[in-house]
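Protein chains: 4
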Amino acid sequence: MSKPIRVTVWGENFHENSDRDRAGMAERYPDGMHGAIAAGLTELLGEAVVVRTATQDQPEHGLTEEVLADTDVLTWWGHATHAGVEDAVVDRVHARVLGGMGLLALHSAHFSKIFIKLMGTTCSLAWRNSRDTELVWNVLPSHPISQGVPQPIVIDGQEMYGEYFDIPAPDELVFLSTFSGGEVFRSGCCWRRGKGKVFYFSPGDQEYPVYHHPDIKRVLANAVGWARPEQVDFSPPQVADSVPPRFTGATLVKEIV
Amino acid sequence: MSKPIRVTVWGENFHENSDRDRAGMAERYPDGMHGAIAAGLTELLGEAVVVRTATQDQPEHGLTEEVLADTDVLTWWGHATHAGVEDAVVDRVHARVLGGMGLLALHSAHFSKIFIKLMGTTCSLAWRNSRDTELVWNVLPSHPISQGVPQPIVIDGQEMYGEYFDIPAPDELVFLSTFSGGEVFRSGCCWRRGKGKVFYFSPGDQEYPVYHHPDIKRVLANAVGWARPEQVDFSPPQVADSVPPRFTGATLVKEIV
Amino acid sequence: MSKPIRVTVWGENFHENSDRDRAGMAERYPDGMHGAIAAGLTELLGEAVVVRTATQDQPEHGLTEEVLADTDVLTWWGHATHAGVEDAVVDRVHARVLGGMGLLALHSAHFSKIFIKLMGTTCSLAWRNSRDTELVWNVLPSHPISQGVPQPIVIDGQEMYGEYFDIPAPDELVFLSTFSGGEVFRSGCCWRRGKGKVFYFSPGDQEYPVYHHPDIKRVLANAVGWARPEQVDFSPPQVADSVPPRFTGATLVKEIV
Amino acid sequence: MSKPIRVTVWGENFHENSDRDRAGMAERYPDGMHGAIAAGLTELLGEAVVVRTATQDQPEHGLTEEVLADTDVLTWWGHATHAGVEDAVVDRVHARVLGGMGLLALHSAHFSKIFIKLMGTTCSLAWRNSRDTELVWNVLPSHPISQGVPQPIVIDGQEMYGEYFDIPAPDELVFLSTFSGGEVFRSGCCWRRGKGKVFYFSPGDQEYPVYHHPDIKRVLANAVGWARPEQVDFSPPQVADSVPPRFTGATLVKEIV
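Chains as they are written, first to last, in my numbering: chain A, 2 to 258; chain B, 2 to 258; chain C, 2 to 258; chain D, 2 to 258.
Derived from the structure by calculation, the hints contain no laboratory data. For clarity, every value in this text was computed on a predicted model and none was experimentally measured. Glycine included, C-beta positions come from ideal geometry on N, C-alpha and C. Incorrect hints may have been included.
[Unchecked claim] Derived, one-sided and incomplete: chain B residues facing chain C with beta-carbon distance under 8 Å:
| # | residue |
| --- | --- |
| 1 | Q148 |
| 2 | R193 |
| 3 | K196 |
| 4 | A251 |
[Claimed, not checked] Within a straight-line C-alpha distance of at most 27 Å, the following computed DSSO-like cross-link-like pairs (lysine-lysine) qualify:
| # | chain 1 | residue 1 | chain 2 | residue 2 |
| --- | --- | --- | --- | --- |
| 5 | B | K118 | D | K255 |
| 6 | C | K4 | A | K118 |
| 7 | A | K4 | D | K4 |
| 8 | C | K118 | B | K4 |
If we strip away everything but chain A, and leave its shape as in the complex, we get (with noise of 0.2 Å):
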């Protein structure tokens, strides 16, 4: 339980570089989005946690065998070029969540290789980006991932993301969003998948500095607690051949069928 959690910072890290969106990125995000996550994680965790990023312009997206080998949670935002992401690093991913990595899939992340793989269903959802103010509110006060943060949290300017959002109900659903613009959207949510944790958080927008809002840095970082392994072999689950039986000897009893 001591051990730090390592924490692997994906970042898509494509605004950050675009001619459209490189001038306010910087003033956003001057360390990029990832960047700004992980100093997030590292103010409110501290030695509880041990952070690195990684990039999906670095070779193998920077989510090496070696890597992942050392990734307890990774975090995962992506947008722009949710394509170019390798099948084959996706399937080394996704092995280690069934293996009990924990994975945050943030925002625009749902349309991601790696999220779609894990539910099954299509991700889609409803959008509109006009500044609203999004409300995030609690609807499960018993989680750890909810603990900390004022009922409702408040952004000011968020994206819009809305219902139906297209995923399998929530294993545990944690927080609901509604907009000034009158939608709504499960913001937050909990999957368990093999022997690793999923969760899906909404609020995070690369054209709004939303990781650098106290709740929205709070509720990260419950979540890394939240999602860390539950042990140390990252196997996944496998099938298990011609196994003996436990019991041998039993017969029916016929005349009570």
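We have chain A; now place chains B, C and D onto it with these hints.
Just chains B, C and D now, kept in the frame of chain A:
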């Protein structure tokens, strides 16, 4: 499958007769709220249902053993006089639900004795009566209850019910409501309890004519169909004492353990 | 509601034609496993269904656009040649399920491409083929799929499928199986995906005549009824771009935040 | 996180003192069942917990306001004298659970007043006392409660508890038990209620020394960790009356509706 569903629409019938509310109620609900709900079901479901009403002011609140034994689905609307409902009647309804009868708990019935007894929680919530616009969003398009209504349902004037709503996580979350004040509410929730099914639906308040709204009538009709019993034996689950084993002779294989 | 449910019973049709299994299969399943499943549905559901079969050896595995467009519920049995199913057909079935078609994944179909794609996990399990007695226990008496069968269903000879079964937690857990060897399996599981419904049911193996078992036939007939689409528009959920707001003019009330 | 978890182990303490059972209990549980459970927690959790015991024969059943105010997790074992537990104490425990206290309901506590009140169902089941072998299978490897125990846990002699177990579908199903008689039971189940967490675990009967079993002790220790409160304010959820709106000025956009 072809026998009509026997529906009993239960109403507190208090506001209809109180000095303060009588005039307004007579305008909005000349046949009482229970009368309006019953009429909507008959209108939409026709020969697929047989609908009666029962009210709190009747002997045994209109829910005698005979009436319940003739009821497949019970709808419940109460508000001002929850405490006046006799525990013996609550226990009777409870046993019938666990035996297979469907229950539709409507609006302020979140605080009815029967709903609290089935949920095990406080069933408390946030509220405000300021003629909000309510939008009811479908988040489970594969569910029979959400068929045939627009996305969202729009209710011009409604009391606001908001989170945190202290209920067990629904087995199926069908609707989420947003309000012009920015709040959110899990407004359409399904649970299974014993052999029976429970649907909570929040739209519907004595001060607004919501039960005449065509989409709300559709939801209630759908819910009656969903909540109908799967079988004809309405005995609640009970202990099976000293049951005979199904297998004999089973011996633990020690070496693999 | 009164139109017949259009069912396509899909079979791998490999064991029926393999040198090793042909003789035994001809005895147990003279019309193929798909033939037996189809006959059981027709026998129990009569005019409420229209049943056809399709097999992997047909062009496009018998699952052309036209066939799927005419299918409300698809049952899937595969085992030895999962890998030979074309991805394009899997994608087509996947889209149809998300659009509302019901899917019954049977026995070794836990390892079919379509089931894995819908689940997002490895779908691995433990197994042993030693003619165990299987007992199928109903743990959800309020569910339509568990109606009309004894507690438990007894299957004299069956392959053992055991935990850990690597699936997402079912939305509804209907059946648990025990085996004479002492194992347990979540043998009847429901999930909702997109607009569609998925039921996994494990009893049924090529080496045992399980699909002739009257209780197993009843479960499959019940499952077809449960899995039928709720609507006639089979388009999968999709992104709604730049949707207009429902409210205008909403301004955050600063002082209470 | 570093403060010890305050655990109160509650025991009915009836069998320990009854003429029929005293001798056998003294052999199996010289310090009472509550004493054995408390010792196991202290042994495995050390300084992470402060453990006390309380019994039904004490004033207010040992669960005074003061004791509960000093309790983070309560374990409950009762069997023969459920009816003798005062409703006022049950209500006090109920409020504390909804306020955040964890509750571990053990074995025959399925029929305790507090468990029934939290579940809303009959909590009935099938049983047989014939020294069955019980196998406890982990079906949720991502869960903290299932860590550090073999697959399956083997209990040589146990009372059989079988399905149908009349409980709400668990929020998280952790363990399934099979018995040498062929039965199955949902033996490890989690629910969230209000701000609190509830774990039911069936292994453990007065006639068998199950609470000395190292794997059972491990499960209980894990469960205490899982059930600990997330926060320090133990007030149950309550109604928020006439809350101010978060948005003002929101106007419905009519044309798109």
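Tested hints:
1. Taking 8 Å as the C-beta contact cut-off toward chain C, the hint placing B/Q148 at the interface holds, the least distance being around 5 Å.
2. Given the 8 Å rule on beta carbons, the hint for B/R193 holds: about 5 Å separates it from the nearest Cβ of chain C.
3. Evaluation of the B/K196 hint against chain C yields a held restraint, the C-beta minimum of about 5 Å falling below 8 Å.
4. Because the closest C-beta pair between B/A251 and chain C is about 7 Å apart, less than 8 Å, the hint holds.
5. Restraint check for B/K118 and D/K255: the C-alpha separation of about 41 Å exceeds 27 Å, so the hint is violated.
6. Proposed proximity of C/K4 and A/K118 is contradicted: the alpha carbons are some 35 Å apart, above 27 Å.
7. Between the alpha carbons of A/K4 and D/K4 the distance comes to roughly 18 Å, so the proposed pair stays at or under 27 Å and holds.
8. About 40 Å separates the Cα atoms of C/K118 and B/K4, which puts this hinted pair outside 27 Å; it is violated.
Consistency with the previously given hints fails for numbers 5, 6 and 8, ordered from lowest to highest.
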